[in-house]
Amino acid sequence: MARFISKSLTVKFVVYFILIAVIPIGIVGYLSFYASRDSLLTSYSDKLLATGEDRKNGLIELLEEAMLDLKFLTQIHGVDNVFDFVAARSEKDMIVSREGNKAETELRKKIEVELETTLAAWQRIYGQHNGYRDVLLVSPDGHVVYTLKRESDFAEDLKNGALKDSGLGRVWNRVMKTGKPAFADFAQYQPSSAPTAFAAAPHMAANGKIDGLLIVKLGTEGVNRVFSQAQGLGKTAEAYVVGQDRFMRSNSRFEKSSTILKKKIETEGVKAALEGKSEVRIIEDYRGERVLSFFTPVGIKQNADLGADFDWVMLVEIDESEVMEPVRNLAMKIMGAAALIALAVAIVAFFAAKTITKPVIALSGQMAKASNGDLSIEIPGRDRDDELGVLAKSVHLMLSNLRSQVGKVLEAANVVSTASSEISATAAQVVASTSKTTSAVAESATTAAEVKQSAQVAGEKAKEVAQSAHEAVQTSTNGKKATDDTVSKMSLIRDQMESIGETVVRLSEHSQAIEDIIASVQDIADQSNLLAVNASIEAARAGDHGKGFAVVAHEIKTLADQSKHSTEQVRGILEDTRKWVSAVVMATEQGSKAVAAGVQQAEIAGGAIQTLATGVQGWAQTASMVDASSQQQAAGAEQVSLAMSNIDQAMQQVLAGVSQLETAARRLEDMSKLLSELLSGYKLTA
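Numbering (UniProt numbering), first residue to last: 1 to 686.
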């Protein structure tokens, strides 16, 4: 129900209008209900109080009237004669008279007839109205000397007999003790077989002493008469009286049989009244019904004229349902009126709500289409001048702006999708190219490392060649010096022929040493040539980075070839020198004939050695240059290797960055496609 109300604006309007109409009625009805309830409770409380006081006064009057009637009886002549007759005779005489004394019997009969006539008339006048059942005359010693009804209590001894604890015995005993009238509460009385109360009054003799008691048996008729009707209160009203033993002393109007001394009342009102409280309030009665009850003590004990040693409580009650019936009728009328008003308001509110909700429903229908993506709708109600017109215009403006924005976003999404596709493709190409470049850089780094190692080896070999070249220069210098000494001293050959042999031998030894040096130089040249070839190969593998190294390798090869050519020349010269030495040896044998030829050959040898020294000096310088170049080549190869490693790392980073760029471009492309799909659901034109 609540969900239905929350979904329907028309229903909400109707409900709100009904609430606006019904709530004031409800408040007024509520106030009227409780005001009427309080007024009724007050009115009925006053009635209960008045009725209760009336019943209580009636009950007290009943008892007081019984006492007055007794006092009146004690003054009647016939009653006086009876008591005089009783006082003049002993108990024994009374018994004899009852047993057959003729004179006494006749006198007694005469007195009884006179008394019976008097009491019968009295009972006929007063007894039926007040519930007097019997009249008894009791002697001071407790014997019942006369009863009008002749029940079994006649001639009973109230002092020591079976009835001493009965109501009759108690009231006789109380009067004899106090000398005043007394009243005994209702109790079951066996001689009468009914609940009976007793009212007793003393008969005073001329000497002021009690010469007898006049006792009246009271039935329940008088009490029931007082409490039988609660006139003017209602159908369920009831007044009843309860004794201290909490048994009823009057009949219940709701019971068919007698409830006197049979029904015990344990209600809250009885308990409070027995405690001396008087109050009007709503309680639960002995039937279990909620009643408006007035309860109060009767005050019998406090009435000195009655001489009672007990008290009763009185309750006057009426059902709460009967008291509240006018209020309920009023409530029903108010609810009926509220229902009619609510119905009328609902009808008016329904049609009024329709005039308001119809454009709202139309607007909500169009907005539902807009929520499904149709932005080409037209908003109704823009021509209205009220708040709904303002709302329709605002919604129309909002949809116009939304159409424009969605169109722009859709175009931007298409552009982003295209651009992201191109970026993704380009990134893929860059990734592929970067991968290849990275592989090439890795290979170049490996080659650079190999070139670096070869350059280190070439440098070491160049150092060895340079060292050998320096040794060859030193040897050539020594040879030149020896040749110069030979030439300078050839003029002394003739004088030193004896030393020619030693000189020739020494020359032969030097020639052999030169031969060894030439062999070493030849080996170095061959190795340099091989090294140059290897360097050329590595330079070719290094590409553009190895061009400078290739030039150096070519120069090394050229120098190696020149060194080889020079060593071959030196070898030829040394070969000639050996021949010449051999000739010198042979010439030495010939003596001075060969001195001139020896000088000439020495000069030739000196020139050749000079030439050799000059060549070896140049070759040594070239070897030094090769060594320096090899060191530079090694340093360059080291730098190339380090640079290629850095390039390789940079390319790896570039490759990772480009891969991320490609991934981001693909995600951007996917998102732009998703955005395009989402926006494609919007209809921008009719």
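Simulated from the structure, these hints should not be mistaken for lab results.
Just so you know, even glycine gets a beta-carbon here, dropped at the ideal spot from N, CA and C.
Some clues are possibly wrong.
Unchecked claim - Heads up, simulated DSBU-like pairs for lysine-lysine below, C-alpha to C-alpha not over 35 Å straight-line: (1) Lys-235 <-> Lys-263; (2) Lys-579 <-> Lys-564; (3) Lys-301 <-> Lys-277; (4) Lys-333 <-> Lys-354; (5) Lys-209 <-> Lys-235; (6) Lys-177 <-> Lys-209; (7) Lys-256 <-> Lys-271; (8) Lys-209 <-> Lys-301; (9) Lys-301 <-> Lys-263; (10) Lys-164 <-> Lys-209; (11) Lys-235 <-> Lys-159; (12) Lys-159 <-> Lys-149; (13) Lys-177 <-> Lys-277; (14) Lys-301 <-> Lys-333; (15) Lys-180 <-> Lys-235; (16) Lys-333 <-> Lys-235; (17) Lys-262 <-> Lys-180; (18) Lys-12 <-> Lys-354; (19) Lys-264 <-> Lys-209; (20) Lys-436 <-> Lys-262.
What the hints assert, rightly or not - Here are the in silico distance ranges between beta carbons for each label pair: (21) Ser-421 <-> Gln-653: 17 to 27 Å; (22) Ala-368 <-> Lys-673: 25 to 35 Å; (23) Asp-46 <-> Ser-152: 43 to 53 Å.
- Are there hints from earlier that the structure breaks, and if so, what are their numbers? 5, 11, 14, 15, 19, 20
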